[in-house]
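Q: In case you want the letters, here they are:
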Amino acid sequence: MVHALSSQSVIATSNLTKFYGDFKALDSVSFAVEKGWVYGYLGPNGAGKTTTIRTMLGLLKPDQGEVQITGINPSKDPVHALQSLGYAPELPTLQTFFTGEQLLDFMGKMFGLATQARKERIKQLLDLVGLKEWGDKKIGNYSKGMVQKLSVALALINDPVVLIMDEPTIGMDPEATAHFRNIFTTLSKQGKTVFISSHLLDEVQRICTHVGMINKGRMVFDGPIAQVIEAFTQQWVIEAELKKVTKNMLSALKKLDYVKDVKAEGNKLKIELKEKKDFRGEISSEIFKRKGVLLSLNLHKITLEDAYLRALKGGQ
Amino acid sequence: MNALRRVAVIIGYEWRRALAKKWFFALVILAFAIQVLVFVVFNFLFTNPPANLPPFIRNALGQIKPFMWTVEVLIPQLFFMMPLIVIMIAGGSMSEEYEQGTSDILLSKPITKLEYMTGKYLGGLSLLSFVAALTTILGAVLAIAFFSPQESLQFIPHIYLAIVYSNLVFLSLAFMFSEVLRRTTLSYFSAIGVFIASIVISGVLSAVYSFTWEQLYLDVSKWLPDWGATNFSSFVREKLMNVPVTPLTPSTQGGSDLLLAGAFIAAYTAIFILVATIRIVRSDVTKKAA
Chain A
121 MVHALSSQSV IATSNLTKFY GDFKALDSVS FAVEKGWVYG YLGPNGAGKT
171 TTIRTMLGLL KPDQGEVQIT GINPSKDPVH ALQSLGYAPE LPTLQTFFTG
221 EQLLDFMGKM FGLATQARKE RIKQLLDLVG LKEWGDKKIG NYSKGMVQKL
271 SVALALINDP VVLIMDEPTI GMDPEATAHF RNIFTTLSKQ GKTVFISSHL
321 LDEVQRICTH VGMINKGRMV FDGPIAQVIE AFTQQWVIEA ELKKVTKNML
371 SALKKLDYVK DVKAEGNKLK IELKEKKDFR GEISSEIFKR KGVLLSLNLH
421 KITLEDAYLR ALKGGQ
Chain B
3 MNALRRVAVI IGYEWRRALA KKWFFALVIL AFAIQVLVFV VFNFLFTNPP
53 ANLPPFIRNA LGQIKPFMWT VEVLIPQLFF MMPLIVIMIA GGSMSEEYEQ
103 GTSDILLSKP ITKLEYMTGK YLGGLSLLSF VAALTTILGA VLAIAFFSPQ
153 ESLQFIPHIY LAIVYSNLVF LSLAFMFSEV LRRTTLSYFS AIGVFIASIV
203 ISGVLSAVYS FTWEQLYLDV SKWLPDWGAT NFSSFVREKL MNVPVTPLTP
253 STQGGSDLLL AGAFIAAYTA IFILVATIRI VRSDVTKKAA
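Respectively, the protein sequence lines represent chains A and B. Residue 381 in our numbering sits at position 261 of the first sequence, with consecutive numbering throughout. Residue 202 in our numbering sits at position 200 of the second sequence, with consecutive numbering throughout.
Read the hints as simulated data drawn from the structure, not as lab findings. Each hint should be verified, as a subset may be incorrect.
[Unchecked claim] Cut-off 20 angstroms, straight-line C-alpha distance, at most; resulting in silico cross-link-like pairs (EDC-like, lysine to aspartate or glutamate):
1) B:Lys241 - B:Glu153
2) B:Lys23 - B:Glu101
3) B:Lys290 - A:Glu210
4) B:Lys115 - A:Glu350
5) A:Lys181 - B:Glu117
6) B:Lys289 - A:Asp183
7) B:Lys289 - A:Glu287
8) B:Lys115 - A:Asp147
9) A:Lys364 - A:Asp381
10) A:Lys196 - B:Asp286
11) A:Lys309 - A:Asp279
12) B:Lys289 - A:Glu210
13) A:Lys375 - A:Glu385
14) A:Lys397 - A:Asp381
15) A:Lys336 - A:Asp147
Quick caveat: nothing in here was measured; it's all calculated off a predicted structure.
Please build the complete structure, drawing on both the sequences and the hints.
A: Written out as structure tokens, the structure is:
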């Protein structure tokens, strides 16, 4: 997968390769993220997610390849490339000698925001992330979840066009996690591009429009989230629960053109389909024809987790 | 926002970072305490000189009294307090950010590595200037209040600038170790190690010189980083006022040593800053320590 570095892409990487000594941490990683996408970046521990992000920010120099943020290479011109970017690192350690307000104010200064603009933005952001009452407290007194929330606020201080988040909801309680998911979705609707590195597949499936998967430094998938599920779906399965399963019914179902195999476990049937199509109507008609009493009938589609695990096993 | 403003933001940050540390205040208070202690000793010698005080010391005390402000001002430098303070300021300046992972946050903002490093260095330098201003003011005030009349007070700014300049060596050395090693404890130990080793070797060379009278030993000792750093401000004082730094210190060679000390300070500072610059520009930002 090689993406031409296009000026239309908000984030674009091309053949990104990075070595740590002899260890190849990134191997020709290429992807492009367009405006308004919520891009989920998935991979197991040590796959190269954080290395990719740190290279995207210009903190690491790639041995080969190039990164562009809004068309600018951050290694060559960090001042312009990072002006419209917000970044929240994984489990950040923030400067504990500042209060939340002071740190936001300092970061606002780094983006050249005027005093009044900073004041207003700080108030808005503390309210947004639920730290209104904690703004004047030293960060040393914050919990892990609060530091994470402040880190997201810091990433938003400059009203960025592109937001890069490394495991943004780690350490947050379920209520805060749901709130932050809404924030990311809202930002995307406002036309901002959100890049989220996460190992929470459920989170990625809920909020991301596109997904990239990396394993052992190599991209194993890059595309819309629906496409990844489709790409890694080997077969669809219908699970049926009946009052009573008869041999006659079992052999009739096996003979159907679109059925690959049927397995019975007590009163439950697992019907493997030849095609990726919803045959629940046809199956229920067949069962009724054989005087069967149907208690439940479900089509089991593949989840992102299934797709992810298959992708990692080289299932594409 | 232009580069100067970005550097200024980092200077302000560096002040906040250093002033949040208790050891910073402890060292400054210790420097003040040494100044006050020296003042008490001299005040005792001037007001109640012991009867058995040798005449040459009594004579030297009389000579130094109108210039006591210089003694008071230079004491933190001569007692190695200022070099120690600057090592503590600069030794963790870069490395702490790498260790804590805050460098990732700072360097993912619209700022170049060079601007960031310049802000950090100038932040340390401005802190050094501030501490030197405090010790200079305290020393001068004590001398003016208790040992009046004081002479050559118009040279206070010159001496102050000489103190700041002479401390550039160890400020830059500690800063270089902080950036190159990227580990704070290692950086402190390395800078203090070089400082102590330099003083010890100087002492040994001086001792050998006093036995052999071979000029070579003194010349070699001048190449050590502590020589310019600890002597430059005294040479400036001697050049401006033509008096030895303490009643018992012999007069030095004046102008030639002053220039040599100034040149060594400039050379060491330039080398240390260059090494730090090469390191930050050419290498990746080190990941947070586990």
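Q: Hints first: check each against the structure and report whether it holds.
A: Evaluated hints:
no.: 1; hint: B:Lys241 - B:Glu153; verdict: holds, 15 angstroms
no.: 2; hint: B:Lys23 - B:Glu101; verdict: holds, 17 angstroms
no.: 3; hint: B:Lys290 - A:Glu210; verdict: holds, 11 angstroms
no.: 4; hint: B:Lys115 - A:Glu350; verdict: violated, 44 angstroms
no.: 5; hint: A:Lys181 - B:Glu117; verdict: holds, 18 angstroms
no.: 6; hint: B:Lys289 - A:Asp183; verdict: holds, 17 angstroms
no.: 7; hint: B:Lys289 - A:Glu287; verdict: holds, 16 angstroms
no.: 8; hint: B:Lys115 - A:Asp147; verdict: violated, 26 angstroms
no.: 9; hint: A:Lys364 - A:Asp381; verdict: holds, 19 angstroms
no.: 10; hint: A:Lys196 - B:Asp286; verdict: holds, 13 angstroms
no.: 11; hint: A:Lys309 - A:Asp279; verdict: holds, 14 angstroms
no.: 12; hint: B:Lys289 - A:Glu210; verdict: holds, 12 angstroms
no.: 13; hint: A:Lys375 - A:Glu385; verdict: holds, 19 angstroms
no.: 14; hint: A:Lys397 - A:Asp381; verdict: holds, 15 angstroms
no.: 15; hint: A:Lys336 - A:Asp147; verdict: holds, 8 angstroms
The structure shown violates the earlier hints numbered 4, 8.
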